[in-house]
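Colleague: Based on these hints, arrange chain R on the given structure of chain W.
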Amino acid sequence: MDKKDIRSLLRNNAVTVMFVVLCTLCMIFSGQSVSYVIYELFGRLSRNSFIVLALIIPIVAGMGINFAITIGAMAAQISVLWVIEWGVGGIGGFLLAMGMTLPIAALFGFLIGKLLNKMKGQEMIGGLILGYFASGLYQLLFLFIFGNLIPLNTPGLVVKGSTGVANTIDLNSGAGGGIKYALDGIWRTDFGTTLYVLCGIVAMALIVGLLLKKVEKKKAIIGVGTAAVLCGLYQIPAVADLFSMVKVPMITFIVVGILCLFNVGVMKTRLGQQFRAVGQNRTVANASGIHVDKVRLIAIVISTVLAGWGQLIFVQNMGSFQTYGAHEQVGLYAGAAILVGGASIRKATNGQAILGCILFHLLFIVAPPAAKNLFGDAAIGEYFRVFISYGVIAMALVMHAWRGVQARKEKKEQQEAAAK
Amino acid sequence: MTKSVLRRVIAIVLCVAAVVLIVLGAVNMPKRESEDGLQILKTLRTRTLLNATGEGVVESYVAVAKKEAQAAAKAAGGGMSAIREAIAKAEEETRAKYSSNATDYSAIDTTNLEAAMDEYMVALKASADCEAAAKQAYIDAHYDEAYEAAKADREAKIAAGQDVPEEMKVTVDMSGFVATEEMTSLEAKAKEAYGLVGEALKGIYPVMDDNALNTLEGTIADIVYQAGDNYTLQYDRYIKAGSGDALENKTGGFLVRYADDLFYVAGALIVAALTLLFYEVLVAKLGIPRVIIGLFFILLCFMSLLYDLSLSTLLSNSVVRMGMNSIMVLAMVPGIQCGISLNLGLPIGLVAGLIGGLLTIELEIGGWLGFVFAILVGCLIAAVCGWLYAQLLNRLKGEEMSVTTYVGFSIVSLMCIAWLVLPFNSLKLRWPLGTGLRNTIGLDNSNFRHILDDLWSFKIGDFVVPTGLLLFMLLCCFVVWLFSRSKTGVAMQAVGNNPRFAEATGINVNKMRIIGTVLSTVLGAVGILVYSQSYGFMQLYTAPRQMGFIAASAILIGGASTSRCKISHVLIGTFLFQGVLTLGMPVANVLVPGSTISETLRILISNGIILYALTKSGGGSRG
Numbered sequence: 002m003d004k005k006d007i008r009s010l011l012r013n014n015a016v017t018v019m020f021v022v023l024c025t026l027c028m029i030f031s032g033q034s035v036s037y038v039i040y041e042l043f044g045r046l047s048r049n050s051f052i053v054l055a056l057i058i059p060i061v062a063g064m065g066i067n068f069a070i071t072i073g074a075m076a077a078q079i080s081v082l083w084v085i086e087w088g089v090g091g092i093g094g095f096l097l098a099m100g101m102t103l104p105i106a107a108l109f110g111f112l113i114g115k116l117l118n119k120m121k122g123q124e125m126i127g128g129l130i131l132g133y134f135a136s137g138l139y140q141l142l143f144l145f146i147f148g149n150l151i152p153l154n155t156p157g158l159v160v161k162g163s164t165g166v167a168n169t170i171d172l173n174s175g176a177g178g179g180i181k182y183a184l185d186g187i188w189r190t191d192f193g194t195t196l197y198v199l200c201g202i203v204a205m206a207l208i209v210g211l212l213l214k215k216v217e218k219k220k221a222i223i224g225v226g227t228a229a230v231l232c233g234l235y236q237i238p239a240v241a242d243l244f245s246m247v248k249v250p251m252i253t254f255i256v257v258g259i260l261c262l263f264n265v266g267v268m269k270t271r272l273g274q275q276f277r278a279v280g281q282n283r284t285v286a287n288a289s290g291i292h293v294d295k296v297r298l299i300a301i302v303i304s305t306v307l308a309g310w311g312q313l314i315f316v317q318n319m320g321s322f323q324t325y326g327a328h329e330q331v332g333l334y335a336g337a338a339i340l341v342g343g344a345s346i347r348k349a350t351n352g353q354a355i356l357g358c359i360l361f362h363l364l365f366i367v368a369p370p371a372a373k374n375l376f377g378d379a380a381i382g383e384y385f386r387v388f389i390s391y392g393v394i395a396m397a398l399v400m401h402a403w404r405g406v407q408a409r410k411e412k413k414e415q416q417e418a419a420a421k
Numbered sequence: 191m192t193k194s195v196l197r198r199v200i201a202i203v204l205c206v207a208a209v210v211l212i213v214l215g216a217v218n219m220p221k222r223e224s225e226d227g228l229q230i231l232k233t234l235r236t237r238t239l240l241n242a243t244g245e246g247v248v249e250s251y252v253a254v255a256k257k258e259a260q261a262a263a264k265a266a267g268g269g270m271s272a273i274r275e276a277i278a279k280a281e282e283e284t285r286a287k288y289s290s291n292a293t294d295y296s297a298i299d300t301t302n303l304e305a306a307m308d309e310y311m312v313a314l315k316a317s318a319d320c321e322a323a324a325k326q327a328y329i330d331a332h333y334d335e336a337y338e339a340a341k342a343d344r345e346a347k348i349a350a351g352q353d354v355p356e357e358m359k360v361t362v363d364m365s366g367f368v369a370t371e372e373m374t375s376l377e378a379k380a381k382e383a384y385g386l387v388g389e390a391l392k393g394i395y396p397v398m399d400d401n402a403l404n405t406l407e408g409t410i411a412d413i414v415y416q417a418g419d420n421y422t423l424q425y426d427r428y429i430k431a432g433s434g435d436a437l438e439n440k441t442g443g444f445l446v447r448y449a450d451d452l453f454y455v456a457g458a459l460i461v462a463a464l465t466l467l468f469y470e471v472l473v474a475k476l477g478i479p480r481v482i483i484g485l486f487f488i489l490l491c492f493m494s495l496l497y498d499l500s501l502s503t504l505l506s507n508s509v510v511r512m513g514m515n516s517i518m519v520l521a522m523v524p525g526i527q528c529g530i531s532l533n534l535g536l537p538i539g540l541v542a543g544l545i546g547g548l549l550t551i552e553l554e555i556g557g558w559l560g561f562v563f564a565i566l567v568g569c570l571i572a573a574v575c576g577w578l579y580a581q582l583l584n585r586l587k588g589e590e591m592s593v594t595t596y597v598g599f600s601i602v603s604l605m606c607i608a609w610l611v612l613p614f615n616s617l618k619l620r621w622p623l624g625t626g627l628r629n630t631i632g633l634d635n636s637n638f639r640h641i642l643d644d645l646w647s648f649k650i651g652d653f654v655v656p657t658g659l660l661l662f663m664l665l666c667c668f669v670v671w672l673f674s675r676s677k678t679g680v681a682m683q684a685v686g687n688n689p690r691f692a693e694a695t696g697i698n699v700n701k702m703r704i705i706g707t708v709l710s711t712v713l714g715a716v717g718i719l720v721y722s723q724s725y726g727f728m729q730l731y732t733a734p735r736q737m738g739f740i741a742a743s744a745i746l747i748g749g750a751s752t753s754r755c756k757i758s759h760v761l762i763g764t765f766l767f768q769g770v771l772t773l774g775m776p777v778a779n780v781l782v783p784g785s786t787i788s789e790t791l792r793i794l795i796s797n798g799i800i801l802y803a804l805t806k807s808g809g810g811s812r813g
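Residue numbers (the working numbering), protein chains in the order written: chain W, 2 to 421; chain R, 191 to 813.
Honestly, I wouldn't trust all of these hints.
To be verified - Computed cross-link-like contacts, DSS-like style, restricted to lysine-lysine with a CA-CA straight-line distance of at most 25 Å:
1) R/Lys806 / W/Lys115
2) R/Lys347 / R/Lys618
3) W/Lys121 / W/Lys412
4) R/Lys701 / W/Lys121
5) W/Lys348 / R/Lys587
6) R/Lys618 / R/Lys359
7) R/Lys618 / W/Lys121
8) R/Lys806 / W/Lys119
9) R/Lys430 / R/Lys587
10) W/Lys410 / R/Lys587
11) W/Lys413 / R/Lys587
12) R/Lys618 / W/Lys412
13) W/Lys373 / W/Lys121
It should be emphasised that the hints constitute simulated quantities derived from the structure, not laboratory data. Please read these numbers as outputs of a predicted model, since none were measured by experiment.
One chain only, chain W, in its complex shape (with noise of 0.2 Å):
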């Protein structure tokens, strides 16, 4: 590698490096054991990461970030609540949520995609604002209609003497124990067999492709050889202690996996191309016969339904919610999240979505304790996170019409000087 293509590689992934940066100068200020952090980075990939991945098709598309996960996010919220006033707990209450959240979600992804169809250009704001105004209508159902017009009878879901829906929903309650840890309570061990099953997986998987003649040799043996590293590494106690504290939620980082292939495999497939096309040029992809409008729907609905289920794992992790706020941060925080780890509102990948998942909540996990230790006050730690996140988002916007600006001008300069 040159020193050109470093320079290309820094420039076209300033906010990751940044971030980098950003993460480890507050690692160092914030004073916590690596081991703590690891630990509490896993728990927060094992909740959030789902979620981020469910942005990545209609980035694909070409809609951009779609900030009406929110209102996936409700569905999901939606689907708990009568879960649990119908008392069905553990695996079963989530599965139940998730068949629940399925088809809530899809309606309300189809709503979605009818009227980002009438915004196009405008999909992000327009997402935006939907969901700050299904808020007001989620507002509506729970505290008018659910404990109301339709009885709630589970002790903890009404409080009296107030309306509606009380603000917390804790998923221990209900007659069946609750939903809490039904995902991640199935199977839970240690880092060490996590690391030796996934790298056992892959060397497998990588020596039969070897067999079948699929994978180059040059990429089998590379790949082998990271595997025995790895697990090399982890024999070293030093390195071992750092992930003591880990417990794996092994099917919830299963299901996350099963997403990712599902990323890699609907692309390709007729319906991935077509998203592919729509996303780089709606006229060229209409001229050629794909109905834009129709890919454009199921984009949006896929995600939506996806942002449902991601919203099921965070909250079975968390044990609760806020009824009335719990969806609202989903957007921004799984949006900063994929664009940190190098996303655009182009273009993004499964990698760039966990890369900017860890990187993002590294910074959650850091940065209050540093700004605690530098300037002696956390809250500025918490404004900071929050001032990221909207700046990520925002830089990652102006980038996005910068470049679109500068393309537009080449190619206004290459038609004058054609036409000279």
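Modeller: Leaving out everything else, chain R in the frame of chain W:
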């Protein structure tokens, strides 16, 4: 006029119904003053009184029967247990006798009682009025004293570093209040009148004794007279006490009670009929959202009348809120005119204005000088920030909306950090313990609280006209209008309407956009100061985040689009939006007590209208 037959038929039916209601109302309304109407009220009052005293009487009967039973048992020479048994038995029997079968009220002659009650009512009213007047006089005389004391106390607390509430509360100590001679004499007269009522009651219930009458006095006084009584209040009070069955002819009283409401419903029906008749014209001229919101506003007006809320007070509040929000809405105008669409980055200007306001308090510049200083400093900062902001926007033509939103959000959260670390020292601004500025900073009379609102303000009934505020609003509107007529203003609008054409005619597009953006930001700074002086508080931290949306939705409600607007859109939109919110809250509280439905309403209206505008401005269906 609509062509649909169905709509015409419905409209005619509605009109007929409205006419019927108006006739009914017109017939029944005067009855309130007439003998008939008053008789209804009197009947109800008598029944309520008899009901209430009847319960007291049963107790008297029971007491008498108990005494008799005890005496009889003693005379019979029974032991303690026998006496107790006899008493219990007597009590049970008496209760059963008098409570179970309701007294036959029609058999009672109440002429005496009614006359006595009339007299009692007059006496009570005179006494209560006199007492209220005397107390008010006392408060007026001692207010300054109490104000000084409260102020001194507050300042002492601030100096000592204690936490004080945002708003200063002045309570006049009533312990020194002595009843005037007139009051005492009127009270005595009321007592006398009560004696007459008591006599009449004794005539009806033979066992009623002075003891029972004494305990019943408060209850009876409440039944006969309460402060601010009118026909509807008395009627409702008696019906609530369960005396409705006293009226044999129920609808008569009902119609008289609700005569005014009949007019209101008729009015609403006529509005509905007119809307149906002119539906197409209205929708074509105003667009569906404005028709809905306009109708909703009218509906809220009628509902507040129907629920006996003071409409003039509510409308007066709406006007104040229109004034306080209007400048921020006006800030949208140059933005839209110069082609940056809705300036959702308005928080930049708001924050600049807030800094100006904070500086006046920090430097302790009071009154008008302080307000002008705040505006000048705010405008200066806003102009600089607006210029930088315009530089950014000029590089991103066509993508302004989403960028401005997030830039605005970022600035607000950046300022959250700034509020924590800025080196202000005044204890009015800082938390006494802990770091940073307060969340809301209460303005008081030594700053610019209500400085525009109270200027030349006057009252018409309940309607307070904030003359200064409205004049300032009109002045700002006039200045913006004048600017849009100037050479620069016309050029700026040309840029907004068609940038390419403007460029071709030799207008400097970027410069015009800068002028528009700076103007918009500066107006935002003025707007938040006007808002704060009227509201009485300056809100820091996350409060300005949503204000850009509120201002944008107000101008859209007024009839603007994302690319076209007029000053009239500002005035109409702000009044409608703020009117709906102001009227919505009390009406919603009658419907669902203690709810936050008004906040929900704001979220729905403000975001709904922006969504609508976006769908109108968004790209075509293909490509």
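Colleague: If a hint holds in the structure, say so; if it doesn't, say that too.
Modeller: Against the structure, the hints:
1. R/Lys806 / W/Lys115: holds, 14 Å
2. R/Lys347 / R/Lys618: With a Cα-Cα distance of about 11 Å, the restraint between R/Lys347 and R/Lys618 holds, given a limit of 25 Å.
3. W/Lys121 / W/Lys412: With Cα atoms ~22 Å apart, W/Lys121 and W/Lys412 stay inside 25 Å; holds.
4. R/Lys701 / W/Lys121: violated, 29 Å
5. W/Lys348 / R/Lys587: holds, 22 Å
6. R/Lys618 / R/Lys359: OK: R/Lys618 and R/Lys359 at ~16 Å, within 25 Å.
7. R/Lys618 / W/Lys121: violated, 49 Å
8. R/Lys806 / W/Lys119: holds, 8 Å
9. R/Lys430 / R/Lys587: Distance of about 65 Å is beyond 25 Å: violated.
10. W/Lys410 / R/Lys587: OK: W/Lys410 and R/Lys587 at ~12 Å, within 25 Å.
11. W/Lys413 / R/Lys587: holds, 15 Å
12. R/Lys618 / W/Lys412: Distance ~57 Å between R/Lys618 and W/Lys412 Cα, so the pair is violated.
13. W/Lys373 / W/Lys121: Violated, at roughly 44 Å.
Hint violations for this structure: numbers 4, 7, 9, 12, 13, all remaining hints satisfied.
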